[in-house]
Amino acid sequence: MSILNSKTPEGPLAQKWTNYKDHQKLVNPSNKRKLDVIIVGTGLAGASAAASLGEMGFNVKNFTIQDSPRRAHSIAAQGGINAAKNYPNDGDSVYRLFYDTIKGGDYRAREANVYRLAEVSNEIIDQCVAQGVPFAREYGGLLDNRSFGGAQVSRTFYARGQTGQQLLLGAYQALMRQVNKGTVQMYTRNELVEIVIVDGKARGIITRDLVTGKLERHFGHAVVLATGGYGNTFFLSTNAMGSNGSAALKAFHKGAIFANPCMAQIHPTCIPVHGEFQSKLTLMSESLRNDGRIWVPAKKEDAEAIRAGKLKPTEIAEEDRDYYLERRYPAFGNLVPRDVASRAAKERCDAGFGVGTGLAVYLDFKSAIDRLGKDVIEARYGNLFQMYEKIVDDNPYETPMMIYPAIHYTMGGIWVDYELQTNIPGLFAAGEANFSDHGANRLGASALMQGLADGYFVLPYTIQNYLADDIRTPRMTTEEKEFVEAEKAVKERFEKLLSIKGNRSVDSIHKELGLVMWDFVGMGRNAEGLKKAITRIAEIKKEFWTNVRIPGSKEGMNIELEKASRLADFIEIGALMARDALNREESCGGHFREEYQTPEGEALRQDDKFAYVSCWEYKGEDAEPIMHKEDLVYEFVEMLQRNYK
Amino acid sequence: MEKTINLTLKVWRQNGPKEKGRFETYQVSNISTDSSFLEMMDILNEQLVNENKEPIAFDHDCREGICGMCSLYINGRPHGPDQEITTCQLHMRKFKDGETITIEPWRAAAFPVIKDLIVDRTAFDKIISAGGYVSVNTGGVPDANAIPIARPAAEEAMDAAACIGCGACVAACKNSSAMLFVSAKVSQLALLPQGKIEAKRRAKAMISTMDELGFGGCTNTGACEVECPKSISISHISRLNREYLKARFSE
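Note that the protein sequences, when read in sequence, are chains A and B. First residue of the first sequence? That's 12 in this note's numbering, and the numbers climb one at a time after it. First residue of the second sequence? That's 8 in this note's numbering, and the numbers climb one at a time after it.
Bear in mind the hints are in silico, worked out from the structure with no lab data behind them. Being a predicted model, the structure only gives us computed values, none of them experimental. Think of the CB as a built atom: it goes at the ideal place given N, C-alpha and C, for glycine as much as any other residue. Just so you know, not all the hints are guaranteed correct.
[Unchecked claim] Below, a list of computed lysine to aspartate or glutamate pairs in the EDC-like style, where the Cα atoms sit at most 20 Å apart: (1) K507/A / E491/A; (2) K27/B / D404/A; (3) K60/B / E566/A; (4) K133/B / E205/B; (5) K103/B / D220/A.
[What the hints assert, rightly or not] Partial list, derived from the structure: chain B residues whose beta carbon lies under 7 Å from chain A: (6) E71; (7) I92; (8) I135; (9) N144; (10) A161; (11) Q201; (12) G224.
With the sequences and hints as input, model every part of the structure.
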């Protein structure tokens with residue numbers, strides 16, 4: 012089908028990106044000034060793209076829902092960023108980073124995209140250092156690396172436990188430099204509420220000013236969505252409270268293909284849920300698995316005693332502990348990929364060996380402290396230990412941490428081709444918002460890499476290739492009928508929301524959705540549960556549209572209205588996730604269908620039937636979406652059963 | 008151990024920047040001491056919505072102490088009664104049953120109130136945009152290991168770079184000075200060879216923008232350092248002053 016041309020360049024794997032860059036079309040400097048590019052989002056992908064395109068001379072408009080571009084949720088990434096520098100001389104290479112990422116993604120990503128990602132990874136580190144990002148260093152003054160899940164080399168660069176913060180501030184500063192120069196115009200506390208299509212091309216957006224409530228129309232020759240993932244569909248996740256999937260859903264409703272919606276990552280090391288009032292889940296960086304050992308009691312009676320508060324973890328003898336990751340996966344041990352570690356924790360807890368509320372396992376630093384000393388552990392993870400202690404009121408230097416998996420990242424997203432362009436001409440998607448390069452499971456320290464790769468080193472080339480054909484298109488007035496109609500539709504939607512005047516708060520409905528998602532579209536999925544989820548989500552949708560209560564009006568700041576509008580979109584995304592998960596009758600990466608597993612309980616792919624990207628097309632409010640397939644052709648690597656044993 | 012407490016909350020409510028604000032009193036009961044301060048605010052807001060009243064507007068996002076969005080002045084202290092944390096990391100175990108808690112927005116001329124507890128901190132972005140960066144474009148930069156950086160310098164730069172731009176330093180200062188915020192960025196970049204080249208220009212540009220935006224001067228009370236959730240040291244202010252003087256002398 013024509014809409015699904017991935018536009019992968021010809022040639023050998025290692026030459027594709029070079030070939031592309033050699034032959035893409037360029038825009039000369041005087042024409043760049045005449046071209047407007049809208050970028051929605053200021054996380055790693057959005058800020059780096061806005062800064063880079065501004066530097067190149069395009070006229071950039073950059074939007075964020077937060078009060079400042081520096082608040083985007085990329086800031087919360089803790090552990091690090093991968094690159095194939097091979098500084099530690101442990102045998103790393105671009106090919107190995109590519110291979111680990113493809114394999115980690117359980118062979119559900121596009122080869123050419125992933126290779127390009129590995130290829131530009133080194134430039135990212137150079138760029139960040141030049142910007143003054145204070146990466147960790149050795150005493151000799153050179154950059155330090157650490158290891159991360161799913162890899163046998165140390166290729167992760169880091170800035171204490173605040174790598175995302177430092178990389179985002181680097182991009183933010185580059186962006187603010189362009190704001191100062193006037194090449195980028197910044198719109199804060201502004202939310203995309205609709206995408207405007209003119210003659211089949213993306214030509215602008217409608218935004219809502221979150222302070223005044225005013226709707227505004229913005230024209231752009233191209234529109235880039237760098238709006239992050241939709242993990243908050245689950246209500247409880249490691250995402251920020253404001254992170255949402257609305258821009259992706261607007262694109263979907265305008266005809267953009269939504270790819271692999273069911274592929275969500277469940278991160279193994281989060282602080283467990285402790286109460287109904289809980290608003291979010293806090294991640295404990297995967298880097299902790301470098302030195303922490305994960306275990307549960309080997310005897311059920313010990314686990315029961317711990318849950319009853321009659322026994323402390325430190326009282327359990329070494330031989331009565333089950334270091335289940337080391338037992339099951341001797342080659343990778345505690346450093347298996349996230350999906351594998353998460354499922355293994357669920358397996359132990361379901362079998363009755365969980366601690367805390369029963370849905371928790373231990374992450375223990377005792378042997379690392381004995382081996383390296385408390386000072387070393389404090390230097391490596393001090394801020395994470397402090398964070399844990401503030402939340403849980405327990406000292407992880409003395410008692411093991413309690414952790415449990417939580418929704419963290421969505422690999423699925425808006426379908427894009429090799430140029431990061433959606434099937435709607437002029438509409439691009441970058442970072443977590445696109446369905447990206449992580450296949451069915453993202454390896455640790457790869458999200459920062461992808462966000463910055465897309466923004467600094469891919470979009471600045473590929474968007475030019477598109478805009479080169481648009482140099483004769485004058486700026487359009489936003490009085491055109493497409494803009495007027497789009498704004499009218501948005502206005503009606505907000506009025507409809509406010510007119511419901513029901514009895515339930517937005518959050519109470521969101522929590523209900525979250526529980527359905529976690530129970531049936533979470534770590535273990537099966538056909539029966541997914542069908543039930545689809546029915547339940549339809550009921551929740553009806554409940555929302557007839558019984559939500561939103562105080563206040565559409566004028567001025569109205570936080571409940573913002574949340575309601577986003578929840579309406581999460582409900583749609585939840586249904587799409589369940590539908591996609593039901594269709595994918597195999598287990599791969601983060602998508603685990605209980606019907607498809609090996610006798611040892613590992614994910615069992617069905618390559619003969621499902622080696623494709625599920626591409627969903629919206630068919631209207633009352634019709635079911637239809638699925639197209641982009642077949643994944645592996646020319647350079649062989650699809651193998653992942654083995655971390 | 009988990010227990011529950013009842014509280015009286017005196018919360019600042021203000022409809023808009025030009026409107027007159029006032030304190031309103033609310034009661035919340037059965038609050039788990041394991042919940043966070045903002046979860047307690049969520050519970051209050053849920054209560055208000057159920058009474059068909061407008062919930063209290065407050066800024067928050069990551070809820071793990073890194074985005075810098077949350078910003079409450081609780082019982083007279085930015086980010087409330089605990090050390091080295093943001094409001095979102097404050098937990099109810101720090102409060103006693105029956106206590107009255109006063110919750111206000113940041114108070115500073117340069118941070119006007121938008122609504123209730125939300126203030127406008129765009130001034131910080133303006134200061135960064137005046138010079139808080141290294142002037143490099145994307146691409147064409149040297150290999151990351153081309154310039155070794157002594158570890159102590161890199162570590163000190165990281166200490167300064169930990170600033171989350173929340174504005175607690177300004178809220179804590181009797182002069183509403185932004186010197187700790189400005190000095191953290193100036194210091195981070197001046198300590199690194201990549202940023203040293205334009206250190207003088209940067210210090211001058213950022214300070215003059217800070218002054219224009221209505222922040223007060225620094226009188227070395229050290230209140231900012233005490234309330235900073237990331238423990239940014241006031242020694243960075245000394246480095247900023249040195250960079251600034253160098254810039255003025257070389258004019």
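**Report entry** Residue hint I135/B, partner chain A, criterion CB-CB below 7 Å
**Finding:** With a closest approach of 5 Å, the I135/B hint holds.
**Report entry** Restraint status (C-alpha distance of K133/B to E205/B at most 20 Å)
**Finding:** 18 Å, holds
Query raised in the report: Does the alpha-carbon distance linking K27/B and D404/A stay inside the 20 Å limit?
Result: 40 Å, violated
Query raised in the report: Straight-line Cα separation of K60/B and E566/A no greater than 20 Å?
Result: The hint holds at about 16 Å.
Query raised in the report: When the nearest CB of chain A is found for I92/B, is that gap smaller than 7 Å?
Result: 6 Å, holds
Requested in this report: So, N144/B near chain A? Judge it on the closest CB pair being under 7 Å.
Outcome: 5 Å, holds
Query raised in the report: Keeping to a limit of 20 Å between CA atoms, is the pair of K507/A and E491/A held or broken?
Result: 25 Å, violated
Query - Interface hint outcome for E71/B [beta carbon to chain A under 7 Å] - result: 5 Å, holds
Query raised in the report: Can we keep the Q201/B interface hint, with Cβ of chain A closer than 7 Å?
Result: OK, holds: Q201/B within 7 Å of chain A, min 5 Å.
Query raised in the report: Taking 20 Å as the top limit, are the C-alpha atoms of K103/B and D220/A close enough?
Result: Since the Cα atoms of K103/B and D220/A sit roughly 40 Å apart, the hinted pair is violated (cutoff 20 Å).
Query raised in the report: Taking the closest Cβ pair, is G224/B under 7 Å from chain A?
Result: For G224/B, the interface hint is violated, since the closest Cβ of chain A sits about 24 Å away, which is over 7 Å.
Requested in this report: Mind checking the CB of A161/B against every CB in chain A and telling me if the closest is under 7 Å?
Outcome: 5 Å, holds
Comparing the model with each numbered hint stated earlier shows that hints 1, 2, 5, 12 do not hold.
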